[in-house]
Amino acid sequence: MSAQGILASYEYLDSTVDAIENLKKAGFDEIKAYAPYPEHHIEHALGYGQSPVRVWTLVGALTGTSTAFAFTSWTSVEWPLVVGGKPIISIPAFIPIVFEMSVLFGALATVIGLFVLSKLPNVKPAVVYDPEFTAGRYGVYVEADASRLEEARKIMNAEEPIELREGAADA
Amino acid sequence: MAVGTTERGALTHPDVHRLDDVNRDVLKMLTVPGKGWWALFGMCVAGVGLFLTAWFWQIYKGIGVSGLMSPVGWGVYITTFVFWVGIAHSGTLISAILFLFRAPWRQSIYRAAEAMTVFAVMTAGLFPLIHVGRVWHAYWLIPYPNSRFLWPNFKSPLVWDVFAVTTYFTVSAVFFYLGTIPDVAAARDRATGLRRKLYSVIALGWQGTDRQWHHFGKAYIFLAALATPLVLSVHSVVSWDFAMSIVPGWHATIFAPYFVAGAIFSGVAMVITLTVPLRKVFGLEAYLTVKHFDAMAKLCLFTSLIVFYAYLSEFFLAWYSGEDPERHAFWNRLFGTYWWATWTMLVCNGFVPVMLWFKRIRHSIPALFVISIFVNIGMWFERYVIVVTSLHNEYEPFAWGIYRPSIVEMSIMVGSFFWFGFWFLLFTRLLPPIAIQELKEVLPPPMRKKKSPEAAEAH
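So the sequence lines, in the order shown, correspond to chains B and E.
The first sequence finishes on residue 171 if you use our numbering, and the numbering steps up by one all the way, no holes.
The second sequence finishes on residue 459 if you use our numbering, and the numbering steps up by one all the way, no holes.
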């Protein structure tokens, strides 16, 4: 049986969260929520844990640290500047560069991680989407087998949505 | 479920009631601009023309058209470089540091402040290139494998600065862009025609799904956590361009914190200078309330105190050190050839902000605007004092000299303000100048049931 979806737009936050919680209780797990701003109640209702973005940040920053340290040391050995009796590899003098490169690599890795994890850029056009989601409405989209669609519709309707639409949220 | 209305700082914006009010009020700014905007924009284009003409003239004739000559090899260009890097800092302070501290007043101003950061670093980054004269060799700054395997001296603060400023520009541009994605998506959903196409590309297909928000929130926190030490490091590194040398008046251990405080001081003043007209022109009184300006004024006052304390301790330590060159450097600042620059700095940065102790002045937008202009001027002169008065009288009296900025240098300096204004004006019309989604976060969420008893215990 093919999977189909319903999208409900809600005006109120509590109706949205209740709809998500009731859908989950009824055993639907292909749920997607829309909000005009990051809403931790929705994330909580969907049961999110830690975002793996942090791994990207850490790995990126450590790559930056080691790259910068290796690079400054290697180039100093490659072209030694013997001045003032200072060591060729002067670690304290390299710290600013090592620090800046850690931040640079960490930040870029964070953004790449975000794009990979949240599937951006999202070039596939949405089949059902409400432009009010970026304004003031919340949305709940559920995907289920055609046989269970009626049940999902009932649960979503109980929370008085502004509108209900059928279709696939993304291809 | 429990969604308490009390947990949000709803009182920050008492006149904004509904979530989509924010879209309406902010997105209406992104319409076809009026006459006033075009007049300002035209002025900026003319100013950019002046800037480029002066720069091309210098490239054509050589660095001799500037007033730079031994012993003063660093002049208006380096002064203006430090000035613009400093301006940039408060943008990151507001967007990253105050974000981590959850300051409730930052939401309305942070987008404008962040844009200011990006454009100010962009402007600052031009000045070392202008200063070195032969700008077509600027790529030598970057460590790349050349035919002789000659590498930059990584022990030099000037090379640290290349890394600090380029990293700062990259990270702040990325941070700025990331923050705008959900807001540009909001603009996309309301726009038509060409703008809709443009915003669709910038928004990368953002829809505000739970998965997107989840990772976005975390990524934003990590970027803020990376940007916070970054912003402190950048002006520290800039200060080490001076402090690592042995020039009297430069060789001081307080330079890093002193520069960072000065940067935030000038930057907050610049945010006030920019947001006062923005608020007036776009009618944003509900978003940029007197409370916001009060908070910025307090930050300005606080950093002014640190900066003034640094001035006093510099004078004290010069006397206390017992070193003749050091004592002379500071006596020369106050009463030498450049006394006017030093006194402008002391009055604008130390005495004028004293007025901010009074609540009546902090609550008067015109007064704040005027004070912020004084601070901008004072902070430019602070860098002028540090750069020029220290260099013109170093150790040996026979090597002393006087520096007079040439008309080319002054044109480039003045032109840089128009160059900055050019980008900022474009920003106010093309991207939402107020962070839509962050404002919504502090508004009370719309609730069907007021608050149910089972909700309280659910979480």
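The reader is advised that the hints may include incorrect statements.
Looking from chain E toward chain B, a few residues come up when the C-beta cut is under 7 Å (computed) [unchecked claim]: (1) Trp151; (2) Leu198; (3) Ile202; (4) Gly205; (5) Met447.
Listed next, the in silico DSSO-like pairs over lysine-lysine satisfying Cα-Cα at most 30 Å (straight line) [to be verified]: (6) Lys24(B) <-> Lys124(B); (7) Lys25(B) <-> Lys119(B); (8) Lys25(B) <-> Lys86(B); (9) Lys86(B) <-> Lys24(B); (10) Lys291(E) <-> Lys197(E); (11) Lys119(B) <-> Lys197(E); (12) Lys25(B) <-> Lys280(E); (13) Lys154(B) <-> Lys32(B); (14) Lys25(B) <-> Lys154(B); (15) Lys280(E) <-> Lys154(B); (16) Lys359(E) <-> Lys35(E); (17) Lys359(E) <-> Lys124(B); (18) Lys32(B) <-> Lys197(E); (19) Lys24(B) <-> Lys154(B); (20) Lys298(E) <-> Lys24(B); (21) Lys298(E) <-> Lys280(E); (22) Lys61(E) <-> Lys298(E); (23) Lys449(E) <-> Lys359(E); (24) Lys124(B) <-> Lys28(E); (25) Lys32(B) <-> Lys359(E); (26) Lys197(E) <-> Lys28(E); (27) Lys119(B) <-> Lys32(B); (28) Lys61(E) <-> Lys291(E); (29) Lys197(E) <-> Lys35(E).
Which residues of chain E face chain B? A partial, calculated answer using Cβ under 8 Å [to be verified]: (30) Gly133; (31) Trp136; (32) His137; (33) Leu158; (34) Glu441; (35) Pro446.
Don't read these hints as lab results, they were simulated from the structure.
Don't be surprised by glycine CBs; every beta carbon is placed ideally from N, CA and C.
Hints versus structure:
1. Trp151: Result: holds, 4 Å to nearest chain B Cβ.
2. Leu198: 14 Å, violated
3. Ile202: 10 Å, violated
4. Gly205: Holds, because the Cβ-Cβ distance from Gly205(E) to chain B comes to roughly 3 Å (cut-off 7 Å).
5. Met447: 5 Å, holds
6. Lys24(B) <-> Lys124(B): 27 Å, holds
7. Lys25(B) <-> Lys119(B): 27 Å, holds
8. Lys25(B) <-> Lys86(B): 69 Å, violated
9. Lys86(B) <-> Lys24(B): Violated, at roughly 66 Å.
10. Lys291(E) <-> Lys197(E): Cα-Cα ~37 Å, so violated.
11. Lys119(B) <-> Lys197(E): With a Cα-Cα distance of about 20 Å, the restraint between Lys119(B) and Lys197(E) holds, given a limit of 30 Å.
12. Lys25(B) <-> Lys280(E): 51 Å, violated
13. Lys154(B) <-> Lys32(B): 17 Å, holds
14. Lys25(B) <-> Lys154(B): 13 Å, holds
15. Lys280(E) <-> Lys154(B): The hint is violated at about 50 Å.
16. Lys359(E) <-> Lys35(E): 36 Å, violated
17. Lys359(E) <-> Lys124(B): 54 Å, violated
18. Lys32(B) <-> Lys197(E): 26 Å, holds
19. Lys24(B) <-> Lys154(B): 14 Å, holds
20. Lys298(E) <-> Lys24(B): With a Cα-Cα distance of about 48 Å, the restraint between Lys298(E) and Lys24(B) is violated, given a limit of 30 Å.
21. Lys298(E) <-> Lys280(E): 21 Å, holds
22. Lys61(E) <-> Lys298(E): 47 Å, violated
23. Lys449(E) <-> Lys359(E): Given that 30 Å is the threshold and the Cα spacing comes to 40 Å, the pair is violated.
24. Lys124(B) <-> Lys28(E): 29 Å, holds
25. Lys32(B) <-> Lys359(E): Since the Cα atoms of Lys32(B) and Lys359(E) sit roughly 49 Å apart, the hinted pair is violated (cutoff 30 Å).
26. Lys197(E) <-> Lys28(E): Satisfied, since the Cα-Cα distance of roughly 18 Å is no more than 30 Å.
27. Lys119(B) <-> Lys32(B): 14 Å, holds
28. Lys61(E) <-> Lys291(E): Measuring from Cα to Cα gives roughly 52 Å; hence the hint is violated.
29. Lys197(E) <-> Lys35(E): It holds: about 26 Å lies between the C-alpha atoms, which stays within 30 Å.
30. Gly133: 24 Å, violated
31. Trp136: 23 Å, violated
32. His137: Since chain B brings no Cβ nearer than about 18 Å to His137(E), farther than 8 Å, the hint is violated.
33. Leu158: 11 Å, violated
34. Glu441: This interface hint holds because 5 Å falls under the 8 Å limit.
35. Pro446: Nearest chain B Cβ about 5 Å off; hint holds.
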